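Protein chains: 2
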Amino acid sequence: MTPITPLDQIRTLLGSSGFLDQPQDKEPYEKPWRGKDFHGKAALVALPTSVEQVQKIVKICHHHRIPIVPQGGNTGLVGGSTPDESGSEIVLNLSRMKRLRTVDPIGMSVTVEAGCVLASLNDQLAEQNLWFPVSIGSEGSAEIGGLVSTNAGGVNVIKYGTTRQLVMGLEVVLPDGSLLELLSPLKKDNTGYDLKQLFIGAEGTLGVITAATLSLVAKPTAYQTAFLALSSLEHAPIILQKAMHRLREYLVACELVPRLAVELVCKHLGATQPLQNPTDYMLLLELSGTCEESLLSNLLQGFLEPLFEENLITDGVLAESGKQRAQLWHIRDHISEAEKKEGAMVNFDITVPIDHVPAFITEASTAVSTLVPGIRILPFGHVGDGNIHFNLLEPTPLAPTAFLTHKPALKKAVYDIVHRHQGSISAEHGIGRERKGELATYKSTPALELMRTIKQAIDYYGVFNPGRVF
Amino acid sequence: MTPITPLDQIRTLLGSSGFLDQPQDKEPYEKPWRGKDFHGKAALVALPTSVEQVQKIVKICHHHRIPIVPQGGNTGLVGGSTPDESGSEIVLNLSRMKRLRTVDPIGMSVTVEAGCVLASLNDQLAEQNLWFPVSIGSEGSAEIGGLVSTNAGGVNVIKYGTTRQLVMGLEVVLPDGSLLELLSPLKKDNTGYDLKQLFIGAEGTLGVITAATLSLVAKPTAYQTAFLALSSLEHAPIILQKAMHRLREYLVACELVPRLAVELVCKHLGATQPLQNPTDYMLLLELSGTCEESLLSNLLQGFLEPLFEENLITDGVLAESGKQRAQLWHIRDHISEAEKKEGAMVNFDITVPIDHVPAFITEASTAVSTLVPGIRILPFGHVGDGNIHFNLLEPTPLAPTAFLTHKPALKKAVYDIVHRHQGSISAEHGIGRERKGELATYKSTPALELMRTIKQAIDYYGVFNPGRVF
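Chains as they are written, first to last, in our numbering: chain H, 45 to 514; chain Y, 45 to 514.
Some clues are possibly wrong.
The list makes no distinction among identical chains, and a pair is therefore deemed to hold if it is satisfied within one copy or across any two copies.
[Claimed, not checked] Below are the PhoX-like pairs computed for lysine-lysine, each with C-alpha atoms no more than 20 Å apart in a straight line:
#1 K480 with K232
#2 K455 with K263
#3 K385 with K311
#4 K456 with K384
What the hints contain is simulated information worked out from the structure, not anything from laboratory work. Predicted model only: the values in this text are computed from it and were never measured.
From just these sequences and the hints, can you work out the full model?
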């Protein structure tokens, strides 16, 4: 008699449509959605359709100490949702659990399963004029469980916060297979520790999120979008401070766009430079609201006039239609893609306090230029949160492989400067496998120890996403 | 030779001005700021002035298993910050640690020590036109450490969230005396577990908060305040939904005020009924913003007109000056005080989903009237968050002591209905000692178990606030 292996138990539990174990079937789940790193081998890809199935799988794995890699849309950028090379890990993909369980139009919340894709969620909410306001590039693939597990950020954080601020409740299968039901449409609940917070941003190391109650907003009815040429990078924090005092209620995005980024998008993706007189750094500033467009337009124009007078900005355009707005966002949204077409890159996703942004960019630019003369530097992104994607492109003459040999030195140089500015080495992408080493270097010992204490207390067999984060 | 006791070590450490151990000196720290319950006896009241002193006290207590009760302004309502009757607990009062360490006007944050009083913080921030937007009745006494430890709510939660949403970083002395430095002015930081969340709302059971980095906003420059007579309680959620769609950016408060509450404030505290034709339930609705007053005024009037046309409201006044606004808030803010002058009370601080508020109030009113015929019912407060202070007043003829004998039955009846409506038995006041029994009854077993796991992992000797929450 052949003994029934734990994997057989899982196969039986899920039925033939509920798992993948052939190499060609597993492969899409073994590598990230974009990027070439972190392509591993899974023992099995489990595709459960119910919380009960998830619990049973987790119990089997817990009992047999089989490592589990929770996976959603697999759009993460730090190797947190793909299996390692060992072939011993099970991918627990939640994509088939994608149901909207309840929508509360009065309390403005939705309870949705982890596998629902962000764009699909918002499509389904649109008819009730409701919106889950996390806006990220991968919204067509990213799933709710992954958004919550990585505390996704994006371009709307100034107005709506990160995913954490929008999670009202969670349903989690714990490492021993028990169900922690914390789904809740309540805005206030001070009954003991706020346990859901543990699982938000935990990158699947403490259990698997199977559903979430999310806070919704009314979909904005009006937008005003400006593209502004800064006379100096130093002026970005000053403009931001003014905006937070005078436009706070409607300010939804403030993105830094360097001249080189616009040029690359124009070169590789057919966009047009929006400004007649671009400067080294530009700002994409957007207001949104559930109000008349004229209200926003008056506010924005009243805000911009003194900026010209004070010479904080030297050129600018306002989008006068949805099409023009889309053209401005097209440039911002395609910077990464254009960079990739230009050559090999070393990327960062850091935060520093907003008033440190200019100094950080200046110092880090000097440091990396010393290491790699001619390196091309593209600091862009969410300057409104102090979150800069400090991306580095190879100098034209170098071959990609040669450039990438500098990656460790570039990382050390940039992270040391981030650390000196009280910054974070990962603003929104997380730690995963990519930044484990840096976390150990830059996080304080008491914080790391407390993280390990919590991991050990909850996932005492170390079954959930081992080797990620820690 | 007399052995040196642990209390002697603490006395020596703090010096004569740093502790209180005479009964008359300790007494103000042994009883809550308001209310008569939870008046205990402290072994010693420690009044440290530095984080280092706090660490040393905690190390001594940890070593000798001496229970510690962290205390701020002592304005809590659930017995979480006063010592028990045993006389063995040390009160660790942080009031002398009240320094603003840094203000970041660009990133709009402040790092402040735990003992700073909320009103004092805002006074010090006012000159920079900054504001920490937690608004609670006890702001003249409540301290930052307590606000964070209890995740304070208040009247502005619709716009700004609870305290949790405004905490960017914390400094915590852990139960073993080690320092967890998580102060941070960053809006985005995905480097591992968000450890600060554990201590927010933990009611001092996992360590003591010594400082916090708080998110600030520009102080509003304009307000519009309306007092509206509802034609039916059923209309409150409908009006709220409309407001969340049309006024979201500026909506800062939506408070339910029953007719009886207005009458009691008029009777005991000399206010005037604002409406010519009051109804059973009224709404205090407020907009605030950093904009022109005319903008808010136009928005509010445009919002209210159809409410009259649809007969959702039947009467209303708009505050036309700061003085009139203050008069409306005077009524709202003095409901509790007026109730106390009227007789014995049994109070609740519950949340239900907003669309369940009318059904909850109806069902709970029926249930308590059955238990105590003639009972007077005052459901008031933060209906915009579903958070109702469902307060019960003795029927006039009964003596207070007789009324209070019904307290256990009234609590059970109301909490059972809250639970059936997926509500919370403590919206903003916390658990402390007051609601321990109910927490054990209404919280799910897996959630309670996980809470205990965390408590055991972090405070393994059970030194911090033992017997509170659990």
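Taking the hints in turn, this is what the structure says about them:
1. K480 with K232: Classified as between: cross-chain Cα gap 18 Å, same-chain 35 Å, threshold 20 Å.
2. K455 with K263: Answer is neither: 40 Å inside a copy and 40 Å across each miss the 20 Å cutoff.
3. K385 with K311: within (10 Å within a copy, 75 Å between copies)
4. K456 with K384: neither (22 Å within a copy, 63 Å between copies)
In summary, the structure is inconsistent with hints 2, 4 from the numbered list given earlier, while agreeing with the others.
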